[in-house]
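Participant: If you read the protein sequences in the order shown, they are chains H and D. Using this note's numbering, the letters of the first sequence map in sequence onto residues 2 to 192. Using this note's numbering, the letters of the second sequence map in sequence onto residues 12 to 261.
Be aware that a few hints might be false.
[As the list claims (entries may be wrong)] Derived lysine-lysine pairs resembling DSS-like cross-links, with alpha carbons at most 27 Å apart:
#1 D:K90 <-> H:K143
#2 H:K187 <-> D:K123
#3 D:K36 <-> D:K172
#4 H:K148 <-> D:K141
Everything labelled a hint here was simulated from the structure, so no lab data went into it.
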Amino acid sequence: MSKVLYVIDTKNKDYKYKIDEDTIIYHFSINSSSKVTIDLITEGVNLYYYYNNINYDDNEFNIKVNHKVGNTHSELYNHGVNVKNNKLTYYVDGIIPKKSAKCICNQDNQIINIRDGKSTIWPNLLIDNYDVDSNHSAYIGKFSEEKIFYLMSRGINREDATRLLLESFLINSDSIDLNKIDEFVKEIDKI
Amino acid sequence: MLEIKNIYCSITDSDLDILNGLSLKIKEGETHVIMGPNGTGKSSLAKAIMGHYKYQITKGDILIDKKSILDLSVDERAKQGLFLCMQDPTVIEGVSNSEFLRTALMSKTGEKVNLYSFITEVEKSMKEVKLDTNMLHRSLNMGFSGGEKKKNEVLQLKVLKPKYIILDEIDSGLDVDSLRIVCDNIRDYMKENKDASLLIITHYPRILEYLKPDYVHILKDGKIRKSGDISLALEIEKEGYTGIKDGQDE
Numbered sequence: 002m003s004k005v006l007y008v009i010d011t012k013n014k015d016y017k018y019k020i021d022e023d024t025i026i027y028h029f030s031i032n033s034s035s036k037v038t039i040d041l042i043t044e045g046v047n048l049y050y051y052y053n054n055i056n057y058d059d060n061e062f063n064i065k066v067n068h069k070v071g072n073t074h075s076e077l078y079n080h081g082v083n084v085k086n087n088k089l090t091y092y093v094d095g096i097i098p099k100k101s102a103k104c105i106c107n108q109d110n111q112i113i114n115i116r117d118g119k120s121t122i123w124p125n126l127l128i129d130n131y132d133v134d135s136n137h138s139a140y141i142g143k144f145s146e147e148k149i150f151y152l153m154s155r156g157i158n159r160e161d162a163t164r165l166l167l168e169s170f171l172i173n174s175d176s177i178d179l180n181k182i183d184e185f186v187k188e189i190d191k192i
Numbered sequence: 012m013l014e015i016k017n018i019y020c021s022i023t024d025s026d027l028d029i030l031n032g033l034s035l036k037i038k039e040g041e042t043h044v045i046m047g048p049n050g051t052g053k054s055s056l057a058k059a060i061m062g063h064y065k066y067q068i069t070k071g072d073i074l075i076d077k078k079s080i081l082d083l084s085v086d087e088r089a090k091q092g093l094f095l096c097m098q099d100p101t102v103i104e105g106v107s108n109s110e111f112l113r114t115a116l117m118s119k120t121g122e123k124v125n126l127y128s129f130i131t132e133v134e135k136s137m138k139e140v141k142l143d144t145n146m147l148h149r150s151l152n153m154g155f156s157g158g159e160k161k162k163n164e165v166l167q168l169k170v171l172k173p174k175y176i177i178l179d180e181i182d183s184g185l186d187v188d189s190l191r192i193v194c195d196n197i198r199d200y201m202k203e204n205k206d207a208s209l210l211i212i213t214h215y216p217r218i219l220e221y222l223k224p225d226y227v228h229i230l231k232d233g234k235i236r237k238s239g240d241i242s243l244a245l246e247i248e249k250e251g252y253t254g255i256k257d258g259q260d261e
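Throw the hints in and build the complete structure from the sequences for me.
Facilitator: Right, dumping it as structure tokens:
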């Protein structure tokens, strides 16, 4: 059984975690910058980090995951929606020093620009050990027109199709308890 | 009636013509088949009718019950009764099958859909197409096999009850049993909805053993070159397209 944490930001905040047991963190941010530092300090621990962000002004998300010991596992899913013509920047670092063998360190980063915002993702994997499994991906753009076409071809108008895609993008795990993120769900409706 | 009137179609922002003066009339209750070599414009025709963003009609018209649909958006065309069963249905992670279908049904009827009656009806239809009912709660087409994707298209058809159905290579990638299940369900649908009509796009006459066509058309170079009955499909199976001469078989 993993420890589950819910975080909702409406102001800029810094976070530091020392992970010594399996942990899932659901981090929701409404128009704010966050700096997150995570140390995985116990062998065998798994970390799942879901960052979901609605953005209206210039903001940054900076996350560093340090695999301080070997045989640790991190999965980051960072999803942002950049609503206006502003700047949204993600710095995402996975760090594995030489002494930490057999780690898994993955990150998936996506930012959807609703208008013509300037978004940037810096996905960094700083790995100093050969016995590691690590992947990263980054996407910046609009929602796929092919997906919108498919939804519309069943009679759903563009606005509702976009809303379906927005909700699935920003609440990107079936395990999220919607009662705990009421404020964020209401904010999705405002986009 | 769905009427395609001398349409010319190209890919958006390109001069490449795909359809060159294609005409077709599909009356209520009729089943038409379009066959043709690869790259001849069959799937493009299906997508152009549905209003896909990559295709633009440069000349001619498409009419439903004598009214042009060219200015209608994709969802408005769907509300006019058009339904495209896609060759490769799109995967949408995070949007559940049930959420998608319920939203589509509400869009069609303009009314709130009672969750209990919706689930009951959809689960009944899922059993008929032999889809596991758990798939209702999974992301749309995500992790579905080729056969499951096609059955899911037929499930949507059964729930949304369209009038003008286009099957774009629904038979591709289906095993014998799945093809029979898919076709049985479409045939039952056509029996229950006498005013519905069908446009089947296919490479293989096998599907026509299950869904008997009224007309078979051969599409080549973006134009219908020959029309006939099911014997034309069997002739193609035997002789290929090279032996087919332009003209109309009665």
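Participant: Any hints from earlier that this structure breaks? Give me their numbers in increasing order, please.
Facilitator: none
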